[in-house]
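Please arrange chain B on chain G, whose structure you already have, making use of the hints.
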Amino acid sequence: MFAGRPLPTANRQWGSLIWGLAALACMLLATVLAFLALFGWSEGRPDLSILHDAYFHRILRFTLWQALLSTLFAVLLALPVARAVALDARLPGKALFLRWALLCFVMPSLILITGLVSVFGRSGWLTPWLGAGWNLYGLNGILIAHVFLNMPFALRVLVFQWQSIPDTAWKVSAQLGLSGWQRFRLVEWPAIRGVLPGVAGFIFLLCFNSFAIVLALGGGPRATTIEVAIYQALKFAFNPAEALTLAWTQLLVAGGLFLLFSQFGRLRWLAPPQGQPWLPALHPFTRALGRLAYVLAILFLAVPIATLIPVALFRGGQGLPWSTLMPVTLRSLGFAFAAATLATLLALGGLELWRRWTAPGARRWVEFAALHHLVIPGMVLSVGLYLFFLPWVNWIRWGWVAVIGLNALVALPFVYHQLKPRVFDFDANYRRQVADLGLRGWPFWHRLYLPWLLPALRRAWALAFVIALGDFAVFGIFGHDSWRTLPWLIYALAGSYRLQAAALASLLLLAFALIALWVLEDHRHHA
Amino acid sequence: MRTLTLATGLALAGTLGANELTVYTYSSFTSDWGPGPEIKSAFEAQCDCTLNFVSSDDGVSLLNRVRLEGVNTQADVVLGVDDALIEEARALELFQPHGIDWSDLPLAADLAWSDDLYVPFDYGYFAFVYDTENIDSPATSMEELLSSDVSILYQDPRTSTVGQGLMHWMQALYGDNGVTEAWQALAERTVTVTQGWSESYGMFQEGEADYVLSYTTSPAYHMVAEDTDRYQAATFEEGHVAQIEVAAISAFTDQAELAAEFLDFLLSREAQQILPVTNWMLPVRTDVELPAAFDRLATPERIGHSPTEIHEHRQAWIRTWRNAVSQ
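Chains G and B, in that order, give the protein sequences.
Offset between the first sequence (1-based) and my numbering: plus 811.
Offset between the second sequence (1-based) and my numbering: plus 22.
For reference, chain G alone in the conformation it holds in the complex (with noise of 0.2 Å):
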């Protein structure tokens, strides 16, 4: 209705701005009252006597060997894979096997524990072959988890940069006749080097974060991370004041991790899979094992998914909880598509302010606004704002509000990020001619920017959607048993060991990630 009837310039800049102020209202104040908790400031103060408790070291201790062993398997295993991908010019399936590996990445961790358990579990069909003293519960079981989740991340980066090697380089090699060694050290190496620390180091803060892997198959006190204690101090003993120390030490540690791993620089892993015109010829030797190695990787991460199948439809459709999965299947998709839509709307406001403000200091604290949440893992910031508002809020009854809003603001640096590139390339191509058109309001964006958006648009959403869509962290926190999502609902399924209903619920899971994840990647060749 506006299309017609050019708006006044005065409310079309309100409109935008007051959009744009809103979005970076909402993302610092989440901040700032979660803090004001870990402060003391609302319910419960930090009881600190705990940082003296052997407990406490422990889980420490474990949540950091738990991630270090995790990050060395799963960046070990990526590298022969990952040349293989990169370098086998004949392996088949690769590029089916790049989008495989990007959806293990994103994978809704509860499915991977419903085929995890089916697959090694006490009554795994893999079991048997395991050795009498295997057990899946504790460290072994949240290694295979990590690996599988973190591997292919690792690989998809590395792939790319094996890739990035020019063709004048291996040419260059060949001519020089180094031996395959020679080449790996000199023209391999230095390509895939700097990236290493990086790899590592996100993939060290995403497992020392894990929250659903380590709760579900920690199997109990022994196997527990700092933010699976967070939860039990908080959900268990009602404790907040333990909880808030928790809080503080995993903040203080994640923190400053990624502080320190983010100078590394950034990993491009959403980047399509580049065509080669060259490559080089692979000695037999180490390109059977590369296959080898590709095989292995192909079975280790369809395996545990793939099994998923039979154990759903074994018994038929009887005897499974449909009158549950329904509601439940809705309410995750509604919490998700809302988280989705209300990341991107913040990311758009944030952008807004961006694209009006050219100072490069107010042009920072859009982006500390939207990408800080990177830092603060979900749980501290969901912790926070709980206590927060407890004396205020029965967080039985409006506990959704909280888990639409903190899984937008989970998913908005992700969101951000892919926007961002493509809005500083509209202003830098067409901001003159915008204005000299003297299209503005209304008009401007149906026209012009969101067409121009759109591709990156359904791909940031999509990513928003998946990532909600598998929320276990801000859900234990806000959630409650009498409207569970459908990752809550698997757990509950799983833990008593109803796999069936557990493996039924993770294909529905399964299935509209995959839906979401077609539209992100199909529309990748106009980004």
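Since the hints were derived computationally from the structure, they do not count as laboratory data.
As the structure is a computational prediction, the values presented were derived from the model and not from experiment.
In this text, a Cβ means the ideal position worked out from N, Cα and C, and glycines have one as well.
Partial list, computed: chain B residues near chain G (C-beta under 7 Å): (1) Asn-86; (2) Asn-94; (3) Ser-348.
Okay, now just chain B, sitting in the frame of chain G:
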């Protein structure tokens, strides 16, 4: 305070127009095979009201929830807190007196009940249940269980009243000095510590462990409902800790009369007849006819601390457990 009043106002508005009673309980009580459905229809037949169950994972989570909601709670009755938690709940002033005269009721003598806030609706003894197809000669004492080469499932004492029961049992048997060692011995035999009773019992039936922490009455379920003697409870010569499950009227309810009526109903012969064969615990009344299987259950000696002692030490005992089993 204005926000509180507003919230209470909203809560009241939600219940106006219908005679509704909201009962908070634990999840296995409301499951299809639990007592929930039968208790609901039997009470609704006599009260001209609607009975709504709202469930939490287990008894401890239940108390945490009511405490968290405080004055905003939707609960009229809280059902499923056990005697180990009643002093803690009393100190938080979450409940109001029920006004029942105990002298009229044929209550089981073991209970020795005369409390003005809490109404016991069933009770049982914690015990480790085993599968006779796996275990030929079950442990006859905790000492023997902890030194044998078996796998065990139990529940987290922070969330589950059953796990909490084990904590009191271990404390009663080993005291502060020996309990850490006993917990560590148990930890070596533990498959996993679950949050609630249902998870661990489900895992046990799938063959995940030799023993699961449950009740002496659990075998009655298998005998009556599944017609099998396969699952049995191990009787320990040191004695067992009992659990008395209670219900109470919320201090913040606007349905106190209906809530009291419901508590009366829980003590009626009708309800007491339903509970043993759905919740698989012992009835608190002595004049209830039970299936023959109940005669074949172990009748252990009762040991343990008083609710007041438990209230004083609970947090310290939880820390001891946490420290011992995280090593």
